[in-house]
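Engineer: Dock the two chains into a complex; use the hints.
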Amino acid sequence: MSEKNILTVSASPHTKSPGTVTGIMLDVIISLIPAAFAGVAVFGARAALVIAVCIVSCVLFEFLSRKIMKRSSSIGDLSAVVTGLLLAFNLPVSIPIWMCIVGSLVAIVVVKQMFGGIGHNFANPAITARIVLLVSFASAMTGFSAPGSSGVDTITTATPLSHLSAIDLSGNVSSQMGALLVDGDLPSFFNMLFGVRAGCIGEVCSVALILGAVYLILRGVISIAIPGSYILTVAAFMLIASGFDITFTIYEILGGGLILGAFFMATDYSTSPINTKGKIVFGIGCGILTSVIRLFGSLPEGVSYSILLMNIATPLIEKLTAPAYFGFIKEKKTKKKEEGAA
Amino acid sequence: MGKIKPDAILKAVRKGKGGILVAHNKITAEKETVRMPDPEIVTLPMLQHIGAPCTPTVKKGDYVAIGQVVGDSDKYVSAPIHASVSGKVIAVQDVKLANGKMAPAVTIESDGERKLFEGIEPPKVTNKGELVKAIRASGLVGLGGAGFPSHVKLNTPEDKDIDTLIVNAAECEPYITVDYRECIENSWNIMSGVFALQELLGFKKVIIAVEDNKPEAIKILKEIADSDIDHGNAVRLMTLKSRYPQGAEKMMVLSATGRKVPEGGLPSDVGCVVMNVASVAFVARYLKTGIPLTSRSVTVSGNCIVNPMNVRVPVGTELQKIIDFCGGFTEQPYKILSGGPMMGTAVTGTDVPLLKSNNAILAFSKNGARIKPERDCIRCGRCHAACPMSLIPTQIEKYASLGDAEALKKLGTSVCMECGSCAYSCPAGKPLVQHMRLAKDVMRKAGIK
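In order, the protein sequence lines correspond to chains A and B. Here the first sequence stands for residues 1 to 342, where the numbers follow this note's numbering. Here the second sequence stands for residues 1001 to 1449, where the numbers follow this note's numbering.
Please note that the accuracy of each hint is not assured.
For lysine-lysine, the following DSBU-like pairs were computed, each having C-alpha atoms within a straight-line distance of at most 35 angstroms [what the hints assert, rightly or not]: (1) A:LYS67 x B:LYS1366; (2) A:LYS319 x B:LYS1449; (3) A:LYS16 x B:LYS1409; (4) B:LYS1115 x B:LYS1153; (5) B:LYS1430 x A:LYS16; (6) B:LYS1372 x B:LYS1440; (7) B:LYS1153 x B:LYS1205; (8) B:LYS1096 x B:LYS1366; (9) B:LYS1241 x A:LYS70; (10) B:LYS1445 x A:LYS16; (11) B:LYS1241 x A:LYS319; (12) B:LYS1088 x B:LYS1124.
Pair by pair, the computed Cβ-Cβ distance ranges are [unchecked claim]: (13) B:GLY1349 x A:PHE122: 42 to 50 angstroms; (14) A:ILE6 x B:ASP1212: 38 to 46 angstroms; (15) A:ALA324 x B:LYS1241: 19 to 27 angstroms; (16) A:THR22 x B:ILE1090: 53 to 61 angstroms; (17) A:MET69 x B:GLU1406: 31 to 39 angstroms; (18) A:THR8 x B:ASP1094: 20 to 28 angstroms; (19) B:GLY1447 x A:SER72: 34 to 42 angstroms; (20) A:ILE6 x B:LYS1101: 15 to 23 angstroms; (21) B:ALA1446 x A:GLY243: 41 to 49 angstroms; (22) A:TRP98 x B:GLU1263: 54 to 62 angstroms; (23) B:LYS1445 x A:PHE137: 51 to 59 angstroms; (24) A:SER10 x B:GLU1263: 26 to 34 angstroms; (25) B:ALA1091 x A:LYS67: 53 to 61 angstroms.
Since the hints were derived computationally from the structure, they do not count as laboratory data. For every residue, glycine included, the Cβ atom is placed at its ideal position computed from N, Cα and C.
This is chain B alone, in the form it adopts within the complex (with noise of 0.2 angstroms):
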């Protein structure tokens, strides 16, 4: 038999690197954003992105205006809170996140005038320092979903060679549009951020990256790109191919660098910083204004919403604000989600507030949310073919109900990120991605990383 190269079979045979093909049901994409009027009531959570939790730093009976800070942390991985209507704190107290959580919030009720706090002014920035500080205090986090807090990621650590910023407009999610309405509505304030970005952090090169079922958005931003202010020609707007999960982090960094983010690792490992396309639209007007983020858009969309579209909102509204904002609902829905249908979190209720890293308000009746009564296995292999990271998830599953640790440590389970790759395309109806947490689980009960 002739020498067989195993890899250029494997390459021939396996279609792509894992990841699927899922409906966009973009159905808000070329409505505008509308600008919902404000509540009069808003509920400031003191938890609204990875890390430590803010603490209250107003109390009941003061008066505060929009981009006051109502809440802080002296914690590094942490991002300020602030008012985003001017008006009265009626309340300092505990209430439920969409995720079931609890968490100290701050309401303040409405004046109606949209006071602005007079101590805003633009920030002066000139190196990476002040730029990090001025992140943080404008309380930006990742507007994409994660909500990590923005300025940790910009304080690129000193001994690692950064040289590529990645700005993530792929947008895989289904249904959630915000990122190409930012695109679009926004492509000034895209472009002033990225070279305000690329100033100040030496970035050899950045990339844009787009999925290709955005041609609007790709020729936007390419006019911006190859026009004559990006005098370096150091900005590359890159067209990936539709294919979720293509926006996830990691998936971002290989297929615009083809870097490998090793395991337990950030893309700053490989020299990269991703950030979100929203976030760096945000940069750039905060640099201009100093108004913190106090709104953002959010896509209102599934098919019980009578009316659905993108709206811009104060952070810490009534989700059934934004709904009633939308039409209301067409029928009563079966399953509400805070976030897109691969990623986002089902909710209990809509009374619970808007949170910064809020993209989508999903609402579905029983037919739209498809749901497969759970059978068994037949090892067919699809959500390992799915799998962007290249895990099995059944026998993580397997090994997670025998509470082995260390084979599941072996097995990669810490690489998963749940993206649901796996149990969308398990023909058994397996919850997958539930199996993948109560894994990790069992690998944080054992102390093993």
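Okay, chain A solo, but in the shape it has when bound (with noise of 0.2 angstroms):
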């Protein structure tokens, strides 16, 4: 080797995968592009505002609490951007600007930046705002807009999921179902699959959101252990409560922001297990918190807190299902580990 030139040495592998953090977020943020279209089509041009003030004020946030604790920026992993957006998703299109701003500085700052950034925060930052949002501002948060009539001032109606909740489950499911249908208090089937309901901006258009959820699983994004078993459980639950009611079933799941949450928010990394084990049994307890809620609490919607909820029990369900590794002794005792953390 001659005098001057200077080999670099490093730990093994020499060799990288092409994928980055900010290509994964990238993808992130371009299965949600349907379903964002969606809202602003179903909700009009206020929606779109909504949704930018979400993402600007998340990417400022972002931006200036890296500053303020002296750290490196980290905007350019775009997960600032996803934050914004699925916080943007999971408000009604009503919603006053300045809230938006709020629930991104809880979302980045509070829940997000305070325990250390991207992958540190215990809480999916998006869930935690919208549940502060929830809590603080209730009546702001909870006028949905009918479809097509955006603006603060227009017509606030219920969601799918509140005429559902009304429903007497000790009654004739199906009989009352039809009555809803037709009184024209449900939404038709068409109209739930493509979004036009009252609801909050991104959870409205199941096909968009499971578009982009197809796009993230085939591009190993997410896996379909999470969403797959949640959405079962709510189905299985939901399927008994109503006496094996499948319309009750399917507007159940498509009614409020199950799809969203299961495929969109449940699955955020760092708020979820690792192992698959650990993600299926993650899936079941969001699916039986949500069921309870929605069945036996006084809410009509239970995603978010359900999510929320077991975001906490997260690293208690990691050691759970801590997974056997290769060439594992088995000791004769072996301990039954139960499923289900709820």
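Structural biologist: Here you go:
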């Protein structure tokens, strides 16, 4: 080797996969775009404004908090954009703009950066921000505009879930469902799929969300374990609770934030278990909590609360479901691990 | 809710059993191995294997011939070192090795005559004991990269029922093609090596395992395995999916036999012996000629090499000489590796000698090396999904930084074979293998195995 040529020495491996954190976040953003367009199409231009404000304020808070904490800037990894998008998706279109900014502050500064930034937060930023807003400004957060009527002074209407929660489950569920559908209180199945219903900006169009979810699964960004076990658990509960009424179950799955929550919020890397068994336990736990809140709680919707509660249980789940490594020698007394943390 | 069988769901959800897909980059695969002319000087370090280092048995000024012992040890886990050229010993002193360690070495100036040592004759081998003795005398160490003395491997404990010999021709590391060329160019040696080992050690089954990205090698080996010379019909060719680290010993045993080597155990604990294909071919050659291990094939490749190829070189040749033989560098390399890109060692310079266990010299430019800036872990779990041992590298990293040796043991740190799958797949560019090594060091210091 000639004298001045200095070689780099580092630990193996000397080649790396092309995937990066920014790439993963970009994939998540791409997967959320159809649902964002659907939200704007259903609720009008104000939805776009809410989305834009949430994204810009999240990125800004990320930038400022890193600056104040004298840490390297992290806006390049695009995770703040994802948080902003998801937060906007969880807000009703009529929400005052300043509340969007407060929500972004809670999500980025309090939940994410105060715990160390990306990967270190124990709760999902967007979900926690939504819950903070929900308990602080209950009426603004539950004033859902009817589809097509954008703006602050428009007609507010009940979401499909609040209609469903009025159903007397001890009575004949299918006749009550029929009555709701005939009266037009519940949107048609087609409208449920394509998002022509009251609800938060991003949760209404199930088709767009599932499209994005399929993209994420194909790209290997998320696994089906959490959303699969989550949705199946809710479906199982709803089937049993309604005396096996298929329509009721489908409306429960499509009617609230379940699709958005299961595919995009519960799968958040930082706040869900990393091993597959843990993911399934996490999903089932979310499903049980959501079902219990929807069926027995006073709230019509429980996706956010259940994901937040399971976020907190994640370290425990990971500990209990730790996979046996290769060649692990079992001790004579094998411990039985109980599934379902709830 | 119906009864859920967690295992069935896990199988459906989790793709494969760890491991990663890497670009093969086997650019030297179709080039015939070229014999490099002997260098003027060879340096033979006394530590070219796992185990006890040898002590030089010659002194400065001695004349040595090819195949003459220049270093040996009285320890069992060790392998003698033989002169790889004929000529005069010009120095016996400490030299730097590719991995940065210092070791005593015998430096020989070649007289260019390639004279074979007089005492060389084919060994008389009729039983296991004689075979083990002969293999030790041959200086053979695992040619696949680890450099474990082969006689130790072949001297299988009598109390264990060893029924299977696995010939490892997987060669799952990118770039490296020496084993592939061995299969094509020396298929008969491989086969006679297989039969010799089978006869002497009494294996019931011999499995030759090749990855499915080497159709040419599969064809040739299959012809021989199916031919009449395999009377007992014990030899079987097995095509494995190309998935790194398929060639790792434990993965090999699992893929070939479905058996899992227990923690802290060896393949012999589950009745297997795994040998690299080039080592098996060497055994056949040695039994025929009695010439010890003095030269080996090495893949010289990477995007900085003018003429990438496989070269047969005397052990102890300076890396730079071998690179020069392949046309030198196209541009100033950023990283030079001894070994493959996944598990090889980055060298500080090319002034180090080639060891028995070196199977590749790779030179990369900055673009070829693909570097990622390190970021915070986002807990995506790709390291865990990629780990063939089902470890959780991020947790091990955490406990290593806390110095908690007990927790590291519980997490199975010691089964890590540093294959690099975790660090390869990490989107945050974390040097996880480095952390795994630090974790093992924490355990070592705490005296926990």
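Engineer: If a hint holds in the structure, say so; if it does not, say that too.
Structural biologist: Hints, one by one, checked against the model:
1. Distance restraint check for LYS67 of chain A and LYS1366 of chain B: the Cα-Cα separation of roughly 32 angstroms lies within the 35 angstroms cut-off, and the hinted pair is therefore satisfied.
2. Only pairs whose Cα atoms come within 35 angstroms are accepted, and LYS319 of chain A paired with LYS1449 of chain B is accepted, the gap being roughly 22 angstroms.
3. For a cut-off of 35 angstroms, the pair hint linking LYS16 of chain A to LYS1409 of chain B stands: about 28 angstroms separates their Cα positions.
4. For the hint pairing LYS1115 of chain B with LYS1153 of chain B, the CA-to-CA distance comes to about 31 angstroms; that is within 35 angstroms, so the pair holds.
5. Under the criterion of a C-alpha separation no larger than 35 angstroms, the hint pairing LYS1430 of chain B with LYS16 of chain A is consistent with the structure, at around 10 angstroms.
6. Taking the CA atoms of LYS1372 of chain B and LYS1440 of chain B, the gap is about 25 angstroms. The hint holds against a cut of 35 angstroms.
7. A hinted pair counts as satisfied when its Cα atoms are at most 35 angstroms apart, and LYS1153 of chain B with LYS1205 of chain B qualifies at roughly 17 angstroms.
8. At most 35 angstroms may separate the alpha-carbon atoms for a hinted pair to count; LYS1096 of chain B and LYS1366 of chain B meet this at roughly 25 angstroms.
9. Between the alpha carbons of LYS1241 of chain B and LYS70 of chain A the distance comes to roughly 48 angstroms, so the proposed pair goes past 35 angstroms and is violated.
10. Taking the CA atoms of LYS1445 of chain B and LYS16 of chain A, the gap is near 30 angstroms; set against the 35 angstroms cutoff, the hint holds.
11. In summary, the hint linking LYS1241 of chain B to LYS319 of chain A is supported, as the alpha carbons are separated by about 33 angstroms, within the 35 angstroms threshold.
12. Between LYS1088 of chain B and LYS1124 of chain B, the direct Cα distance comes to roughly 30 angstroms. Compliance with the 35 angstroms bound is thereby established for this hinted pair.
13. The given range of 42 to 50 angstroms is respected by GLY1349 of chain B and PHE122 of chain A, whose C-beta atoms sit roughly 47 angstroms from each other.
14. Distance hint check for ILE6 of chain A and ASP1212 of chain B: the Cβ-Cβ separation is about 40 angstroms, which falls inside the suggested range of 38 to 46 angstroms.
15. Taken as a hint, the range 19 to 27 angstroms holds for the pair ALA324 of chain A and LYS1241 of chain B, whose Cβ atoms sit roughly 23 angstroms apart.
16. At about 56 angstroms, the beta-carbon gap between THR22 of chain A and ILE1090 of chain B stays in the expected band of 53 to 61 angstroms.
17. For MET69 of chain A and GLU1406 of chain B, the Cβ-Cβ distance of about 34 angstroms falls inside the hinted range of 31 to 39 angstroms, so the restraint holds.
18. Evaluation of the 20 to 28 angstroms hint for THR8 of chain A and ASP1094 of chain B yields a pass: the beta carbon distance comes to about 25 angstroms.
19. Separated by about 38 angstroms at the C-beta atoms, GLY1447 of chain B and SER72 of chain A satisfy the suggested range of 34 to 42 angstroms.
20. At about 20 angstroms, the CB distance of ILE6 of chain A to LYS1101 of chain B agrees with the hint of 15 to 23 angstroms.
21. At about 60 angstroms, the CB distance of ALA1446 of chain B to GLY243 of chain A disagrees with the hint of 41 to 49 angstroms.
22. Under the hint 54 to 62 angstroms, the C-beta atoms of TRP98 of chain A and GLU1263 of chain B, about 58 angstroms apart, fit the expected range.
23. About 55 angstroms separates the C-beta atoms of LYS1445 of chain B and PHE137 of chain A, a value consistent with the hinted range of 51 to 59 angstroms.
24. The hinted window of 26 to 34 angstroms between SER10 of chain A and GLU1263 of chain B holds, with their beta carbons roughly 29 angstroms apart.
25. Checked against the given bound of 53 to 61 angstroms, the beta carbons of ALA1091 of chain B and LYS67 of chain A, roughly 60 angstroms apart, stay inside it.
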